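Asker: Sequence:
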Amino acid sequence: NAHDHRSMTTLPPDRKPITKYFRQAGYFTANLGKIAPGMESRAKTDLNFEAETPFDGEDLSELKNKQPFFAEIQCVEPHRGSWKPGEKLDYRVDPAKVQLPPYYPDDPVVRRDWAGYLDAIDYLDTKVAAILKRLEADGLAENTIVFFFGDNGRCHVRDKQWLYEGGLHIPLIVRWPGHLKPGTVREDLVSAIDISATSLKLAGATLPKHMQGQVFLGPGATTRKYISGARDRCDETVDRIRSVRDDRYKYIRNFMPERPYTQPNAYKERAYPALAVMKRLHAEGKLTPEQELFMAPHKTDEELYDLKNDPHELRNLVASEVNLKSLKELRAALERWMAECDDRPDKHGEFRK
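Mapped onto this note's numbering, the consecutive letters of the sequence shown carry residue numbers 388 to 740.
It is worth saying that the hints were derived from the structure and are not from the lab.
All figures in this text were calculated on a predicted structure; none of them were measured in a lab.
Cβ atoms here follow ideal geometry from the backbone N, Cα and C, with glycine treated the same way.
Treat each hint with caution, since some may be false.
To be verified - Keeping only pairs whose Cα atoms sit at most 16 angstroms apart, straight-line, the calculated EDC-like set for lysine to aspartate or glutamate is: (1) K666 with E677; (2) K612 with D575; (3) K475 with D509; (4) K712 with E690; (5) K596 with D575; (6) K612 with E722; (7) K407 with D446; (8) K666 with D493; (9) K686 with D633; (10) K475 with D512; (11) K695 with D538.
What the hints assert, rightly or not - Label pairs and their calculated CB-CB ranges: (12) D697 with P569: 31 to 41 angstroms; (13) H597 with N703: 16 to 26 angstroms; (14) G420 with E722: 36 to 46 angstroms; (15) P684 with H597: 35 to 45 angstroms.
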């Protein structure tokens, strides 16, 4: 029920924050804001739904000499904004040397924005290092499983809030001393909902029956053939889109194809400098065909991409006879997933007409 962006709805009685299940298993829960001297994080609590206080503490020092703990730390550095954390670095990314995706115009404003994003990621690395060092200093490192992941893709045009890989593909790094060899890379398909299921399972907690995530590490781990995505209302912008992908192809269905990618959105108009550049260059006829895709007056009903040969998802293969088998397979997979989730068909067709 928290699916719609900042809906602040009330959860059904049997749906509880994950901290409830950790507490039931005897864990101390913390939403950490204080990490190390001079380094703090914002303890985010706007949960998109009404909930009782889900945490027992907020300081890393509270974890030492306590019972087993579950703690989360939100690092906001790569989130869209001024990206000032880069100013704290000894070096900065040179905008002239960044490599832009082909769907972005090569413009000084876009290059500076992208470089600032990379600076923020570099600063985030220093914060992660401080957290790991603190765990070691407190004697907790060898008995703590650390999950590092993002809540959405890049905060850039055609990325966050869209179902392309730039919006859906998030980092996922797990540190599990004695169980995972450092530097191991796995290509398994993992959904973000699997992180909660996996963390509960590894903690010895009981998974609620309604939990749809799959365990991807440890005893009983399984793999996914498909992972799905959805987008509806983001801020004041409504657009119903669904997607599914396997290890090679992605299928996207646009239920409101008449709505352009560039629907008015106050947040993006204010915070995405590349968007203003693209609109200007579009009006001047100076965008490449790849860059013009996002400026189209409407979307296609369906999209199919070969992620191996077209990682930026620029060549729609829906009309390709060669890929018909994959198209039909992913269409069916999406229909099954929507049925399982009780994702009701669009009821607003007559109203839109």
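Asker: All hints, please: hold or fail.
Answerer: Structure-based check of each hint:
Restraint check for K666 and E677: satisfied, since their Cα atoms lie roughly 14 angstroms apart, inside the 16 angstroms limit. Straight-line distance between C-alpha atoms of K612 and D575 comes to about 9 angstroms, which keeps the hinted pair within the 16 angstroms bound. Distance check on the hinted pair: K475 and D509 sit about 10 angstroms apart at the alpha-carbon level, within 16 angstroms; holds. In summary, the hint linking K712 to E690 is supported, as the alpha carbons are separated by about 14 angstroms, within the 16 angstroms threshold.
Distance restraint check for K596 and D575: the Cα-Cα separation of roughly 24 angstroms exceeds the 16 angstroms cut-off, and the hinted pair is therefore not satisfied. The straight-line distance between the Cα atoms of K612 and E722 is roughly 15 angstroms, inside the 16 angstroms bound, and the hint therefore holds. Restraint check: the Cα-Cα separation between K407 and D446 comes to about 19 angstroms, which exceeds 16 angstroms; the hinted pair is violated. Between K666 and D493, the direct Cα distance comes to roughly 14 angstroms. Compliance with the 16 angstroms bound is thereby established for this hinted pair.
Pair hint K686 plus D633 does not hold up; C-alpha atoms about 23 angstroms apart against a cutoff of 16 angstroms. Between K475 and D512 the CA atoms are separated by roughly 12 angstroms; this keeps the pair inside 16 angstroms, and the hint holds. A distance of roughly 24 angstroms separates the Cα atoms of K695 and D538; the hinted pair therefore is violated under the 16 angstroms criterion. Judged by the Cβ atoms, the range 31 to 41 angstroms given for D697 and P569 holds: they are separated by roughly 32 angstroms.
Restraint check, H597 to N703: a C-beta distance of roughly 36 angstroms breaks the suggested window 16 to 26 angstroms. Evaluation of the 36 to 46 angstroms hint for G420 and E722 yields a pass: the beta carbon distance comes to about 44 angstroms. The hint said 35 to 45 angstroms for the Cβ distance between P684 and H597, and at roughly 41 angstroms that hint holds.
When held up to the earlier numbered hints, the structure conflicts with 5, 7, 9, 11 and 13 and fits the remainder.
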